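Enquirer: Hey, can you work out the whole structure from these sequences and the hints?
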Amino acid sequence: MDTISIRAPSVSPSGTKIRRSLRTRLPAAIALLPTALIVLVVYIGCMLWTVRLSFTSSTLLPKLDWFGVTQYTRLFANDRFVTSAENIFIFGALFISGCLIIGFLLAVFIDQNVRGEGLFRTIFLYPFSMSFVVTGVAWQWFLNPALGLQKLVRDMGFETFTFDWIVNQRMAIYTIVIAGLWHGSGLTMAIMLAGLRGVDKDLWKAAKIDGIPTWRVYTSVVLPLLRPMVVTAVVLLATGVVKLYDLVVAMTLGGPGIATEVPAKFVMDHLFERNNIGLGTAAATMMLITVVIVLAPWVYVRYVRPQGSHA
Amino acid sequence: MSMKTRVSAYTLSVALVCSTGAFAQQKAEVLHWWTSAGESASVKVFADQFTKAGGTWVDNAIAGGVNARTAGINRMVGGNPPTMMQFNTGKQFDELVSNDLVRDVDAQAKAGKWREIMPKPIVEAAVRNGKFYAVPVNIHGQNWMFYNTKIFADAGLQPPKTFPELIETGEKLKAKGVIPIALGGQPTWEHNLFRAVLVGNGGAEMFRQFYGVRKPDVLKDPKFRQTVELFGKMRGLVDPASPGRNWNDATALVITNKAAMHFNGDWAKGEFTAAGQTPGKEYGCTLVGDTPKEVIGGDVFVFPATKDKAALETQDKLIQVLLDPATQLAFNIKKGSIPVRLDVDVSSMDVCAQRSSAVLKDPANQVEAMELLSPPNYSGAIQDAVTQYWNTPSMTVDTFIEKVSNAMRDAT
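The listed protein sequences derive, respectively, from chains D and L.
Heads up: the first sequence begins at 1 in this note's numbering, then just goes up one per residue.
Heads up: the second sequence begins at 312 in this note's numbering, then just goes up one per residue.
Hints are computed from structural coordinates only; laboratory data are not their basis.
All of these numbers come straight from a predicted model, not from anything done at the bench.
Beta carbons are placed, not taken as given, at the ideal position from N, Cα and C, and that holds for glycine.
A couple of the hints might just be wrong.
Said to hold, decoys possible - Per the computed footprint, the stretches of chain D lying under chain L, defined by three or more beta-carbons under 8 Å from a beta-carbon of chain L, are: (1) 137–146; (2) 275–283.
Unchecked claim - Derived pair list, reagent style EDC-like, types lysine to aspartate or glutamate, alpha-carbon separation capped at 16 Å: (3) K628/L x D415/L; (4) K442/L x E476/L; (5) K569/L x E593/L; (6) K442/L x D415/L; (7) K63/D x D405/L; (8) K338/L x D370/L; (9) K63/D x E406/L; (10) K531/L x E713/L; (11) K714/L x D79/D.
Expert: Shown next, in the form of structure tokens:
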């Protein structure tokens with residue numbers, strides 16, 4: 001069930017070998033140098049610059065004074081940021097788990113050798129080819145009580161039918177989740193399907209001989225085998241959660257009120273529209289810290305913890 | 312992303328053109344965000360007049376004010392500015408002035424007597440440290456109420472003159488099954504409606520105190536509390552599908568006889584015109600409030616600082632073209648605004664523009680727009696508070712006032 005690691009043959013510590021390995025590695029190192037510099041200067045550099053700016057009183061242009069943690073105090077007293085933070089957790093949890101469940105079920109469905117598999121695969125994957133902006137605008141119309149679903153059902157004679165989540169402060173964030181699921185489930189399905197196709201046919205035969213019900217094979221045998229696919233899907237979906245911005249802008253503009261605001265929109269608005277670089281970078285720093293906190297346990301398990309205990 | 316590539320490709324091509332055609336006639340690269348049909352028709356008036364005057368107009372239109380300003384500011388800071396760049400009146404270019412990135416045009420202003428022929432709020436919007444740093448080109452009124460004449464006639468009602476009257480009239484219209492107020496339920500337009508109520512019910516001085524002086528004293532005024540309550544009552548006059556609606560879809564509700572009233576800037580006239588309607592006939596326009604106060608802003612052009620003599624001359628010629636009376640009239644008819652020079656004869660314009668011009672003749676009626684009074688971080692924080700209050704009927708006036716006073720405290 002686990003990935004098989006092949007241990008590299010240990011190199012004997014003789015001088016010639018080290019020199020030879022240096023000779024082969026030097027060109028590689030030179031080739032990687034530009035990338036390394038870009039990572040250092042552009043990524044790490046900009047990150048540090050952003051963190052530094054969050055401790056200043058910068059407005060339109062960066063200003064390198066020292067403003068203490070005032071921007072952070074303001075940030076946490078700001079309703080809009082607090083709502084944004086809550087929203088991103090709601091969206092993240094529902095979006096990732098929803099995509100995994102729907103994606104897996106769709107993949108299992110297609111894996112039953114259904115007729116017209118290619119057609120279904122295309123239909124399920126199609127939403128992913130839309131940009132978030134198109135997705136957002138389409139769902140905005142579809143969910144608008146005066147234009148979309150609610151009006152359609154009412155016109156069919158069900159006068160009391162109400163589905164006004166998108167204009168309801170308490171429910172609006174879930175409409176964003178729905179649009180996100182519609183957009184992202186297909187990709188998860190494609191990843192899962194690739195995994196399902198890689199499952200050894202003999203396992204299925206063995207299970208059949210043992211008389212194990214199909215659903216049980218899926219949950220107890222196939223699903224654990226799909227672990228790498230699940231991890232890939234989660235990573236891809238999680239980056240989508242952190243950068244969630246265009247879907248909200250296209251669909252609700254953060255409304256009604258501030259009900260569907262998200263951190264990335266908070267940062268963008270404050271940096272570019274409200275000339276408030278200090279507060280914007282403070283929010284960006286908080287996003288960075290959150291991502292690091294979420295990633296830290298995984299990095300620890302994957303890279304830091306000694307190989308030996310990882311059976 | 313694509314925006315950036317387009318801009319840089321553009322910069323590159325301009326650089327090439329400039330280096331090869333140094334002896335060509337005066338070439339002006341103009342960066343602006345007038346991209347809609349009506350807007351580009353109006354900017355074409357400037358382009359044509361400049362071409363007639365012997366120059367070459369290189370049009371660099373970037374969709375979206377924020378995108379355009381970001382691109383323009385980046386180019387100025389990077390040392391490769393356009394010849395002329397659009398801004399809205401307001402504080403958007405304050406730091407460009409304090410960093411010496413734009414040129415002062417006070418000599419031209421003195422020669423053209425700008426201080427005498429333009430309304431004071433517009434002059435103040437373009438002047439920094441006693442000198443003109445921008446050329447205003449038009450005046451937009453932001454707090455107009457457009458109304459459907461047919462709906463009011465059918466209901467046997469008069470368009471309301473004050474806000475308490477508006478609530479009463481609105482309830483009557485609602486009972487008749489019309490949407491009393493068409494609102495684009497996005498934070499910007501909810502905030503725009505709030506400002507119309509504030510200036511109409513609270514008065515010009517309260518508006519300036521609130522957005523300009525920003526001392527919490529104004530919040531204790533009973534008149535302010537009453538204004539916020541009136542604004543809150545207007546929630547009931549808006550249809551449930553309002554949240555998220557675009558402003559032009561809201562205007563369309565009035566055009567199609569579904570809604571009675573609509574608060575918007577005079578740019579909304581473009582929508583009525585496009586639908587074949589004439590002001591004073593199918594729709595009317597009025598300023599609601601005890602006395603007609605008009606909140607005004609507009610567009611300006613700034614001229615990035617340069618040492619290049621030829622570029623300076625080109626900029627001088629552009630300024631002449633922009634403020635020429637005939638050009639002003641032609642431009643503003645297309646744009647839906649009114650000429651920035653109040654000495655231009657507006658009798659050839661529509662009734663709404665004439666009314667606007669007449670109201671502004673009295674300096675007491677001129678109220679400077681929020682963009683002129685507040686830094687964007689303050690107006691943004693107020694917008695957050697207003698949209699929360701508007702969308703949460705259970706929120707009390709006190710909670711709203713508390714949010715506003717926090718915003719006043721944190722404004723920089």
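Enquirer: Take the hints in turn and mark each one as holding or not.
Expert: We went through each hint and held it up to the structure:
1. 137–146: As far as the stretch 137–146 of chain D goes, the hint holds, because 4 residues have Cβ atoms under 8 Å from chain L.
2. 275–283: holds (count 3)
3. K628/L x D415/L: holds (15 Å)
4. K442/L x E476/L: violated (44 Å)
5. K569/L x E593/L: holds (13 Å)
6. K442/L x D415/L: Distance of about 7 Å is within 16 Å: holds.
7. K63/D x D405/L: holds (15 Å)
8. K338/L x D370/L: holds (10 Å)
9. K63/D x E406/L: holds (12 Å)
10. K531/L x E713/L: holds (11 Å)
11. K714/L x D79/D: Roughly 9 Å separates the two Cα atoms, so the pair holds.
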